[in-house]
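Visitor: Residues per chain, in single letters:
There are 2 protein chains.
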Amino acid sequence: MSVKSIDFTDKNLERFFQKSDLLPAVVQEASTGQVLMVAYMNRESLKRTLQTGYTWFYSRSRKKLWNKGETSGNVQKIVKIYSDCDDDTLLILADQTGPACHTGAHSCFFQEIWRDDDGKCLDGIIPNGPEPEK
Amino acid sequence: MSVKSIDFTDKNLERFFQKSDLLPAVVQEASTGQVLMVAYMNRESLKRTLQTGYTWFYSRSRKKLWNKGETSGNVQKIVKIYSDCDDDTLLILADQTGPACHTGAHSCFFQEIWRDDDGKCLDGIIPNGPEPEK
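Same order as they appear, the protein sequences are chains A and B.
Residue numbering for the first sequence is -7 to 126, as defined by our numbering.
Residue numbering for the second sequence is -7 to 126, as defined by our numbering.
No lab work stands behind these hints: they were computed from the structure.
Given the structure is predicted, the values throughout are model-derived calculations rather than measurements.
The C-beta atom is built at its ideal place from N, Cα and C for all residues, glycine as well.
There's no promise every hint is true.
Stated by the list, open to error - Derived coverage of chain A by chain B (criterion: at least 3 residues anywhere in the stretch with Cβ under 8 angstroms from a Cβ of chain B; other residues may be distant):
| # | segment |
| --- | --- |
| 1 | 26 to 39 |
| 2 | 57 to 65 |
| 3 | 88 to 96 |
| 4 | 102 to 108 |
To be verified - When the alpha-carbon atoms are kept at most 30 angstroms apart in a straight line, the in silico DSSO-like pairs for lysine-lysine are as follows:
| # | chain 1 | residue 1 | chain 2 | residue 2 |
| --- | --- | --- | --- | --- |
| 5 | B | Lys69 | B | Lys39 |
| 6 | B | Lys11 | A | Lys39 |
| 7 | B | Lys69 | A | Lys72 |
| 8 | A | Lys69 | A | Lys39 |
| 9 | B | Lys56 | A | Lys11 |
| 10 | A | Lys56 | A | Lys69 |
| 11 | B | Lys11 | A | Lys56 |
| 12 | A | Lys39 | A | Lys55 |
| 13 | A | Lys11 | B | Lys55 |
| 14 | A | Lys11 | B | Lys39 |
| 15 | B | Lys11 | A | Lys55 |
| 16 | A | Lys55 | A | Lys11 |
| 17 | A | Lys11 | A | Lys56 |
| 18 | B | Lys55 | B | Lys3 |
| 19 | A | Lys72 | A | Lys55 |
| 20 | B | Lys39 | A | Lys69 |
| 21 | A | Lys56 | A | Lys3 |
| 22 | A | Lys3 | A | Lys55 |
| 23 | B | Lys69 | A | Lys55 |
| 24 | B | Lys11 | A | Lys11 |
| 25 | B | Lys39 | B | Lys55 |
| 26 | A | Lys39 | B | Lys39 |
| 27 | A | Lys3 | A | Lys72 |
| 28 | B | Lys3 | B | Lys56 |
| 29 | A | Lys3 | A | Lys39 |
| 30 | A | Lys56 | A | Lys39 |
| 31 | B | Lys11 | B | Lys39 |
Same shape as in the complex, but just chain A:
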């Protein structure tokens, strides 16, 4: 199935919460392909995301809904959302305003922990962004 938009009734949204009450969402920058962050959505945050076109998550530590960029201004305007083959993960393509990471880094994935010395990686896919201020 590849649809432009499905009918998001509460019942339809249940397909994304069959394994867990929290749905992981990968946020990828639409213009560069850089993976920015992974966060979790509950039913209410998914509904608000689809209604507003901006990302809403559920903070596991603070136990509350969280509109990404609400205080910092670093919002994520969504271009497209894909669901995976078994409807237990979302991929969100978004236009990111400012840095995505709370450390100030553009992407949360700024710590390189392993490298294959023979490996090739296209320039620009994962830019070695500036280190966040400590």
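Following the hints, position chain B against chain A.
Guide: Frame of chain A; chain B shown alone:
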């Protein structure tokens, strides 16, 4: 911190399992930037991944270690691994042999469920791959 490779003793690996015994890993194709799948690693699968340079996951449904591509041949040779700002998610850049998805689709994220009609999305970042065979 940005290091080429850290010392992966059992103790060092614990930093990735502070919130959960299962660590989500986003696999991104190194040559195209396409996000292929999200799967989970326990301590043993992370260790085997770092030792071999190929992805090993833990199947939540089958409750066992799973070497991606072991039966299908559709392996993922790792180029780089990044950890996120709070060490609770990995981003793996890999060279994918064959399709990543068990349906035959190149990426597991082939179901488009939402689109901003004003949104722009670079060609090639998320190719509209062939639908999997039903």
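Visitor: Evaluate each hint against the coordinates.
Guide: Okay, the hints, checked on the actual structure:
1. Under the rule that three or more residues need a Cβ within less than 8 angstroms of chain B, the assignment of the segment 26 to 39 of chain A holds, with 4 such residues.
2. Under a criterion of three residues with beta carbons nearer than 8 angstroms to beta carbons of chain B, the stated coverage of the segment 57 to 65 of chain A fails, only 0 such residues being counted.
3. Figure legend: the segment 88 to 96 of chain A, annotated as covered by chain B; annotation consistent (3 residues with Cβ-Cβ distances under 8 angstroms, at least 3 required).
4. Under a criterion of three residues with beta carbons nearer than 8 angstroms to beta carbons of chain B, the stated coverage of the segment 102 to 108 of chain A is upheld, 7 such residues being counted.
5. Using a Cα cut-off of 30 angstroms, the hinted pair Lys69 (chain B) and Lys39 (chain B) holds, with the two alpha carbons roughly 15 angstroms apart.
6. For a cut-off of 30 angstroms, the pair hint linking Lys11 (chain B) to Lys39 (chain A) stands: about 26 angstroms separates their Cα positions.
7. With a C-alpha separation of about 28 angstroms, the suggested pairing of Lys69 (chain B) with Lys72 (chain A) holds against the 30 angstroms cut-off.
8. A C-alpha spacing of about 15 angstroms is found between Lys69 (chain A) and Lys39 (chain A), which places the hinted pair at or below 30 angstroms, so the restraint holds.
9. Annotation: proposed proximity of Lys56 (chain B) to Lys11 (chain A) holds, straight-line Cα distance about 17 angstroms (limit 30 angstroms).
10. Taken as a hint, the Lys56 (chain A) and Lys69 (chain A) pair is honoured in the structure, with Cα atoms around 21 angstroms apart against an allowance of 30 angstroms.
11. Our distance criterion of 30 angstroms between C-alpha atoms is met by Lys11 (chain B) and Lys56 (chain A), whose separation comes to about 17 angstroms.
12. Pair hint Lys39 (chain A) plus Lys55 (chain A) holds up; C-alpha atoms about 17 angstroms apart against a cutoff of 30 angstroms.
13. Proposed proximity of Lys11 (chain A) and Lys55 (chain B) is supported: the alpha carbons are some 14 angstroms apart, at most 30 angstroms.
14. Restraint check: the Cα-Cα separation between Lys11 (chain A) and Lys39 (chain B) comes to about 26 angstroms, which is no more than 30 angstroms; the hinted pair holds.
15. A hinted pair counts as satisfied when its Cα atoms are at most 30 angstroms apart, and Lys11 (chain B) with Lys55 (chain A) qualifies at roughly 14 angstroms.
16. A threshold of 30 angstroms between alpha carbons decides the hint, and for Lys55 (chain A) with Lys11 (chain A) the separation of about 19 angstroms falls inside it, so the pair holds.
17. For the given pair, Lys11 (chain A) sits about 20 angstroms from Lys56 (chain A) by alpha-carbon distance, which is consistent with the 30 angstroms threshold.
18. With a CA separation close to 24 angstroms, the supplied pair Lys55 (chain B) and Lys3 (chain B) stays within the 30 angstroms bound.
19. At roughly 27 angstroms between alpha-carbon atoms, Lys72 (chain A) and Lys55 (chain A) fall within 30 angstroms of each other, so this suggested pair holds.
20. Distance hint between Lys39 (chain B) and Lys69 (chain A) is unfulfilled; the C-alpha atoms sit about 37 angstroms from each other, more than 30 angstroms.
21. The suggested pairing of Lys56 (chain A) with Lys3 (chain A) holds, with an alpha-carbon distance near 22 angstroms, which does not exceed 30 angstroms.
22. At most 30 angstroms may separate the alpha-carbon atoms for a hinted pair to count; Lys3 (chain A) and Lys55 (chain A) meet this at roughly 24 angstroms.
23. Proposed proximity of Lys69 (chain B) and Lys55 (chain A) is contradicted: the alpha carbons are some 37 angstroms apart, above 30 angstroms.
24. The straight-line distance between the Cα atoms of Lys11 (chain B) and Lys11 (chain A) is roughly 18 angstroms, inside the 30 angstroms bound, and the hint therefore holds.
25. The suggested pairing of Lys39 (chain B) with Lys55 (chain B) holds, with an alpha-carbon distance near 17 angstroms, which does not exceed 30 angstroms.
26. For the hint pairing Lys39 (chain A) with Lys39 (chain B), the CA-to-CA distance comes to about 37 angstroms; that exceeds 30 angstroms, so the pair is violated.
27. About 21 angstroms separates the Cα atoms of Lys3 (chain A) and Lys72 (chain A), which keeps this hinted pair within 30 angstroms; it holds.
28. With a C-alpha separation of about 22 angstroms, the suggested pair Lys3 (chain B) and Lys56 (chain B) falls inside the 30 angstroms cut-off, and the hint holds.
29. Between the alpha carbons of Lys3 (chain A) and Lys39 (chain A) the distance comes to roughly 12 angstroms, so the proposed pair stays at or under 30 angstroms and holds.
30. Restraint check for Lys56 (chain A) and Lys39 (chain A): the C-alpha separation of about 15 angstroms stays at or below 30 angstroms, so the hint holds.
31. Our distance criterion of 30 angstroms between C-alpha atoms is met by Lys11 (chain B) and Lys39 (chain B), whose separation comes to about 18 angstroms.
In summary, the numbered hints that this structure violates are 2, 20, 23 and 26.
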